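With the hints as your guide, set chains D and B onto chain V.
Chains as they are written, first to last, in the numbering used here: chain V, 254 to 439; chain D, 5 to 318; chain B, 3 to 405.
Derived from the structure by calculation, the hints contain no laboratory data. Being a predicted model, the structure only gives us computed values, none of them experimental. Accuracy of the hints is not assured; some may be wrong.
Taking lysine-lysine pairs in the DSBU-like style, the calculated list, with each CA pair at most 35 Å apart, reads [to be verified]:
id : chain 1 : residue 1 : chain 2 : residue 2
1  : V       : Lys379    : D       : Lys154
2  : V       : Lys322    : V       : Lys386
3  : V       : Lys337    : D       : Lys172
4  : V       : Lys397    : D       : Lys154
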Amino acid sequence: MSQQFSFLRDTRHLQAVALGLVVLGGGLIAARSHLIPKSFGEHGPYRGDALREIAAQQPVLTSDTSCLKCHDSVHEERAESPHKDVACLHCHGNGHEHMAQAEKAAGDPSVTIEKAKPWDGDFFTKLDLFITKDRATCLSCHEKVVGMPADFRSIDVKSHLADQGAENIDSPDVCFECHTGHSPGI
Amino acid sequence: MNKSHDSAGASGCGSRPATSGLNILNQGTPCSGGGSCGGVSCGGEQRSKADSRRQFLSRATSMVFGSFALTLLPMESPETAAETPLPAPLNGGAVPAPPAASAAKPVLYGFLVDTEKCIGSGKCLSACRTENHVPDGYSRTWVERYVHFKDGTVQVDLVPETGYHESKLPIVDAALVDKAYFVPKLCNQCVDAPCNQVCPVHASFTSPEGVELIDTDHCIGCGYCVQACPYGMRYINPETNSADKCTWCYHRITKNQEPACVEACPVGARVFGRLDDPESELSKRLGATRTQVLKEHLGTHPKLHYVGLSKEVV
Amino acid sequence: MHGPSFVYPNDVHVAWSIMIVLYPYITGLVAGAFVVSALYHVFHDHKLKPVARLALVTALCFCSCATVPLLLHLHHPERALNIMITPHQTSAMAGFGFIYSLYMLLLIVEVWLLYRPEIVEGAANAVGLKGFIFRILALGSRQITPGSQKADEWLIGVLAIIGIPAACVLHGYVGFLFGGVKANPWWSTALLPVIFLISAILSGIAALLLLYLVLCWAKKITPDADCVRSLCKYLWMSLVAAVSLELLELLHLAYEAGAEWDVLRELLTGRLAVSYGLIQVAIGSVIPFLLLPVAFRTERYAALRTFLGTVSGILILIQVFAMRWNVVIGGQMFSKSFRGFVYYNLTLDGREGLIAAIVVLTLPLLALFAASRLLPLIGDAEPHRPPEDLCKSMPLDVCTSHQ
Numbered sequence: 254m255s256q257q258f259s260f261l262r263d264t265r266h267l268q269a270v271a272l273g274l275v276v277l278g279g280g281l282i283a284a285r286s287h288l289i290p291k292s293f294g295e296h297g298p299y300r301g302d303a304l305r306e307i308a309a310q311q312p313v314l315t316s317d318t319s320c321l322k323c324h325d326s327v328h329e330e331r332a333e334s335p336h337k338d339v340a341c342l343h344c345h346g347n348g349h350e351h352m353a354q355a356e357k358a359a360g361d362p363s364v365t366i367e368k369a370k371p372w373d374g375d376f377f378t379k380l381d382l383f384i385t386k387d388r389a390t391c392l393s394c395h396e397k398v399v400g401m402p403a404d405f406r407s408i409d410v411k412s413h414l415a416d417q418g419a420e421n422i423d424s425p426d427v428c429f430e431c432h433t434g435h436s437p438g439i
Numbered sequence: 005m006n007k008s009h010d011s012a013g014a015s016g017c018g019s020r021p022a023t024s025g026l027n028i029l030n031q032g033t034p035c036s037g038g039g040s041c042g043g044v045s046c047g048g049e050q051r052s053k054a055d056s057r058r059q060f061l062s063r064a065t066s067m068v069f070g071s072f073a074l075t076l077l078p079m080e081s082p083e084t085a086a087e088t089p090l091p092a093p094l095n096g097g098a099v100p101a102p103p104a105a106s107a108a109k110p111v112l113y114g115f116l117v118d119t120e121k122c123i124g125s126g127k128c129l130s131a132c133r134t135e136n137h138v139p140d141g142y143s144r145t146w147v148e149r150y151v152h153f154k155d156g157t158v159q160v161d162l163v164p165e166t167g168y169h170e171s172k173l174p175i176v177d178a179a180l181v182d183k184a185y186f187v188p189k190l191c192n193q194c195v196d197a198p199c200n201q202v203c204p205v206h207a208s209f210t211s212p213e214g215v216e217l218i219d220t221d222h223c224i225g226c227g228y229c230v231q232a233c234p235y236g237m238r239y240i241n242p243e244t245n246s247a248d249k250c251t252w253c254y255h256r257i258t259k260n261q262e263p264a265c266v267e268a269c270p271v272g273a274r275v276f277g278r279l280d281d282p283e284s285e286l287s288k289r290l291g292a293t294r295t296q297v298l299k300e301h302l303g304t305h306p307k308l309h310y311v312g313l314s315k316e317v318v
Numbered sequence: 003m004h005g006p007s008f009v010y011p012n013d014v015h016v017a018w019s020i021m022i023v024l025y026p027y028i029t030g031l032v033a034g035a036f037v038v039s040a041l042y043h044v045f046h047d048h049k050l051k052p053v054a055r056l057a058l059v060t061a062l063c064f065c066s067c068a069t070v071p072l073l074l075h076l077h078h079p080e081r082a083l084n085i086m087i088t089p090h091q092t093s094a095m096a097g098f099g100f101i102y103s104l105y106m107l108l109l110i111v112e113v114w115l116l117y118r119p120e121i122v123e124g125a126a127n128a129v130g131l132k133g134f135i136f137r138i139l140a141l142g143s144r145q146i147t148p149g150s151q152k153a154d155e156w157l158i159g160v161l162a163i164i165g166i167p168a169a170c171v172l173h174g175y176v177g178f179l180f181g182g183v184k185a186n187p188w189w190s191t192a193l194l195p196v197i198f199l200i201s202a203i204l205s206g207i208a209a210l211l212l213l214y215l216v217l218c219w220a221k222k223i224t225p226d227a228d229c230v231r232s233l234c235k236y237l238w239m240s241l242v243a244a245v246s247l248e249l250l251e252l253l254h255l256a257y258e259a260g261a262e263w264d265v266l267r268e269l270l271t272g273r274l275a276v277s278y279g280l281i282q283v284a285i286g287s288v289i290p291f292l293l294l295p296v297a298f299r300t301e302r303y304a305a306l307r308t309f310l311g312t313v314s315g316i317l318i319l320i321q322v323f324a325m326r327w328n329v330v331i332g333g334q335m336f337s338k339s340f341r342g343f344v345y346y347n348l349t350l351d352g353r354e355g356l357i358a359a360i361v362v363l364t365l366p367l368l369a370l371f372a373a374s375r376l377l378p379l380i381g382d383a384e385p386h387r388p389p390e391d392l393c394k395s396m397p398l399d400v401c402t403s404h405q
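Looking at chain V on its own, in the form it has when it is part of the complex (with noise of 0.2 Å):
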């Protein structure tokens, strides 16, 4: 043996890479530090701004209080029928457009608010507001379908029309020969 063991000499080489990585540990854990999200941690160990994000979205459908705040008749019609909690949308539409012209026309009364449409029969329909006195709208709660409850008023058309004797059985307003919309009795 020439030479003994020299930390400094020996493991110049080590203290190098052990230099190096802590540098880089070091480097990495404040870089860290810069990319956590500002609002991260605000009310959870999440981001803050994620939970106003989702809260900001707009509701695209319109809740049936919107419509009876100037509808307030047909609240009366509906209060004993069985339809008081199906939506207005379904057979109306959303009414964005509506409601925002029949605001408008509240402080002004030379704005004309639009007459509905009537209904193009689509169920993803693009109408903003459209009246409807389709059988399928009826029929798409009504037409008797294997998994209903035994108490839901639901029909098999074809008899039920023959029961009551309807007369224009192939007409699309047929249900509106005995039935209204808001208040469709027994």
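Below, chains D and B without anything else, positioned relative to chain V:
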């Protein structure tokens, strides 16, 4: 099934404002009533149980990661974070604010599905797709139909989104059927949500009201939560490339509106409400009825309760 | 199952693709190769000397490519670092970034120490690109002293010891990632991490055996008989352990026959019949189980041994791949309704397609090839004996001190 609902029956509601974080500050006024929400951590027995479990998990995992993780990573723990209160929810909707009785109590939402009332109209399905811009081929909510035949077999199928009328589905012969019923499905909003547990980046998070939400701007799209949800509620949204699922319409309920599916249900089969308010319809129904949850054996403690399930329902 | 099938509407999309099959496959090779190197460096099985360095370099090459399939899979690969920026303590996946980085670091340092004599020599003598690379790798340290060698040796031993549990964590944790999903009865078992680990060791040994035989063939060297026999022996032992555990898990599921067994049985006899029954068990397990004892008991017939070792190695690599496939893809082939099955469509193109998968599997081999151009992988495996000319050129009595 009618699939023609791209910007789907948004029904001329026009453009939906971009979801901006600042937006909320400019809309409506803080609700004066049941406005104050408390922390995540309290609110009933299940809640505290869940918390102690989380604490245990945090500790266990910390031990696994070792002191390395503890010293190098100042990770925010749910316990401390829970103490930060959230600004009051906004009363942007027209529905009156819930009673102010709960000033000290945190808001905690719950859900009840009454399968004995569901008629399978599919109104909730189209409503959800429209409200939440759910891409075709994915669902945040669906309705299953269970048909028990007299020969002992059980057939399960999905209710079409526009109902059975004109759906062209084969008609089940009622004469062969013992019993049949519809089971609406939506996010169970588990107290011990496995999807939240597995999210590696805190992109899945629990709102102060106990609603499981997804930060689509932070999600890495690994799909682990999709695997972890026992109810098949989650999917990777092909438009955002992030995980997605039912939020109980968080953007509506924080404006005191009902979730879209509840709003759309014509027969009251879906009941949404506050668990922390004993006067809410939900609390009353839950108190008066015998209810079940789905896959109870997995210990997820759903806040979605069912009336009228049969053992075949999964 | 009674009645027609029913699949939850979101379950028709298989969330985890072939990339998630490749990821445990590759990390398994890493863990397995490391264990072989540890058998030499820690447990001093000198018969494995010829592959000791190859094992570590292989581990490093595969490890350096282990994140590629994950990045290809992530729907937001640009956010991948979130896993280390805001890690969620309760997520099995959140540990990946840290465990992987530390393990990779350990491998780099150990390989660097192992090849320091070559690096220092190369830095002094090599020219061109090679010399440039060596001079960078030398990190400014151009001297090897008996003292520094002792220090390196000690550190290599320490790293190898730390590396064993680290390799187990790296791979056992992958098993836990699946085993901890209670929603999925095909995954949810405490055995899964162990199965993954043992089968990782299995695949690592098989890969090393094949690589060693290929390198010998390429360099026209006769494979070391003891080394090959020893590898075959370890291969057979881990095959027995891995297959026992795999079948034990299956037996347990079938014997307990819980509520979900119906769907699993239908899965195994239907969609997984070929990939599980035929490939994983019959071809991948039974044939090597029979061939390997012949290979490690033959003392004389070197060609036969090489042939049987090669065949078994290939079959076992297929077995392990099939096992990963059957776990990852198999676990998504049924809906969580437990009433219906789902198809996985492996496309040819695309980020998660077959071509991308083949490229991912080729990358570590390319890395290994590049490494072989730079450093000796097999043959003289004595880690700290510098080449002859270096001894002469150095002022210190390195060679004698080491003998």
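Structure-based check of each hint:
Restraint check for lysine 379 of chain V and lysine 154 of chain D: the C-alpha separation of about 44 Å exceeds 35 Å, so the hint is violated. A threshold of 35 Å between alpha carbons decides the hint, and for lysine 322 of chain V with lysine 386 of chain V the separation of about 24 Å falls inside it, so the pair holds. Restraint check: the Cα-Cα separation between lysine 337 of chain V and lysine 172 of chain D comes to about 30 Å, which is no more than 35 Å; the hinted pair holds. Our distance criterion of 35 Å between C-alpha atoms is met by lysine 397 of chain V and lysine 154 of chain D, whose separation comes to about 20 Å.
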